[in-house]
Amino acid sequence: MANRVLAGNRASGGYGLYVSRPGNNVLDCANDKLMFNTNSGESGTSFFSAGHFQAVPSAGGTGGTAPTIFSSTVVAAGSTASPSYRNFASNKLMLWGAPITGFTVSSGAVAAFFTYSSIGTTSVTLSNTSNASITVKNLSFNLLDTSALF
Amino acid sequence: MANRVLMGNRSTGGYGLYVSKSGSNVLNCDRKELLFDASQSRAGEVYAGGSLNSLGNTTQNFLSTGSKSNLGYIPLVISTEDRRGEYDETSGSGEEQLYSSRIDVLEFTSSTIQPKSLGFFAGQDFDFSDDQIIDTRLSGQSCTNLKFMVLKIPLAYGYMTNTYFT
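Protein sequence lines, in the order shown, are assigned to chains A and B.
Residue 1 is where the first sequence starts when you use my numbering, and the numbers rise one by one after that.
Residue 1 is where the second sequence starts when you use my numbering, and the numbers rise one by one after that.
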């Protein structure tokens with residue numbers, strides 16, 4: 001059975017917490033065979049990850065209150081709304097929404113869509129450019145970085 | 001307070017590192033209640049990402065920052081952009097109509113992303129051999145305010161095998 005978890009000094013990476021994928025020896029496997037690595041600042045062939053993919057709760061998630069992961073927002077045709085979320089990632093957020101009910105483009109229009117803008121630490125502007133009211137299920141993810149590329 | 005962290009032998013999963021969600025006992029909770037589960041082959045590590053004001057009909061290399069190595073497979077990419085919705089256009093003569101249920105289509109390789117349009121007017125001159133089904137973004141479908149994250153999870157034909165998951 002392979003060593004899977006290392007809390008200590010890894011030959012490649014130094015001190016930290018490491019977890020390898022099943023069947024791989026955490027002590028000396030290639031970086032790609034690790035599923036968790038606390039090391040940071042790597043580059044080139046040593047690069048492991050930019051962070052962990054994580055959802056930002058729309059509510060709760062503090063103290064003894066369980067997090068609520070998504071919210072649903074009704075947006076009237078041609079209007080805006082302001083769904084909110086917890087300040088867990090400042091404005092480093094990727095807002096992902098899905099229309100719960102489909103909406104149809106109007107005659108003569110070429111596109112109908114909804115979009116997020118003015119991303120703040122606790123809320124965002126959700127705009128509906130279609131000719132019908134829609135209900136959008138909002139999910140927020142920690143984008144980790146706001147650089148053009150990271 | 002529930003046990004939240006286990007470094008050891010879990011009854012379901014075996015030896016490894018496990019972290020449960022708040023209120024769930026890491027020793028015996030359902031796997032869906034685990035935040036981290038070392039018994040799984042792949043987890044949600046973000047390898048690269050970005051926030052681009054716009055991306056034209058060109059490829060964007062997502063490995064350039066830090067000169068990251070190619071993962072060796074086409075990864076799962078989660079993305080959002082302004083145009084999340086559908087598209088409907090009728091040709092000038094009214095004889096053809098193009099409808100697409102979503103605009104935010106991107107094409108991925110192991111190192112790049114590129115905006116694409118899904119579908120094309122199927123007139124009498126349509127050339128099935130000329131790759132017109134998935135083509136460059138049509139006017140009115142430009143990709144703006146693109147945010148994306150590249151996950152270390154293979155998601156493409158030929159890559160979803162033991163070779164890439166173990």
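Be careful, since some hints might not be right.
[As the list claims (entries may be wrong)] Restricting the straight-line Cα-Cα distance to at most 27 Å, the calculated cross-link-like pairs of lysine-lysine (BS3-like) are:
id: 1; chain 1: B; residue 1: K21; chain 2: B; residue 2: K32
id: 2; chain 1: B; residue 1: K32; chain 2: A; residue 2: K137
id: 3; chain 1: B; residue 1: K21; chain 2: A; residue 2: K137
id: 4; chain 1: B; residue 1: K116; chain 2: A; residue 2: K137
id: 5; chain 1: B; residue 1: K21; chain 2: A; residue 2: K92
id: 6; chain 1: B; residue 1: K116; chain 2: A; residue 2: K33
id: 7; chain 1: A; residue 1: K33; chain 2: B; residue 2: K32
None of these hints come from the bench; they were simulated from the model.
Going through the hints against the structure:
1. B:K21 to B:K32: holds, 9 Å
2. B:K32 to A:K137: holds, 21 Å
3. B:K21 to A:K137: Within the cut-off at roughly 23 Å; holds.
4. B:K116 to A:K137: Holds - the C-alpha atoms of A:K137 and B:K116 are around 25 Å apart, at most 27 Å.
5. B:K21 to A:K92: It holds: about 23 Å lies between the C-alpha atoms, which stays within 27 Å.
6. B:K116 to A:K33: violated, 32 Å
7. A:K33 to B:K32: Holds, because 23 Å separates the two Cα atoms, which is no more than 27 Å.
The structure fails hint 6 only (numbered hints given earlier).
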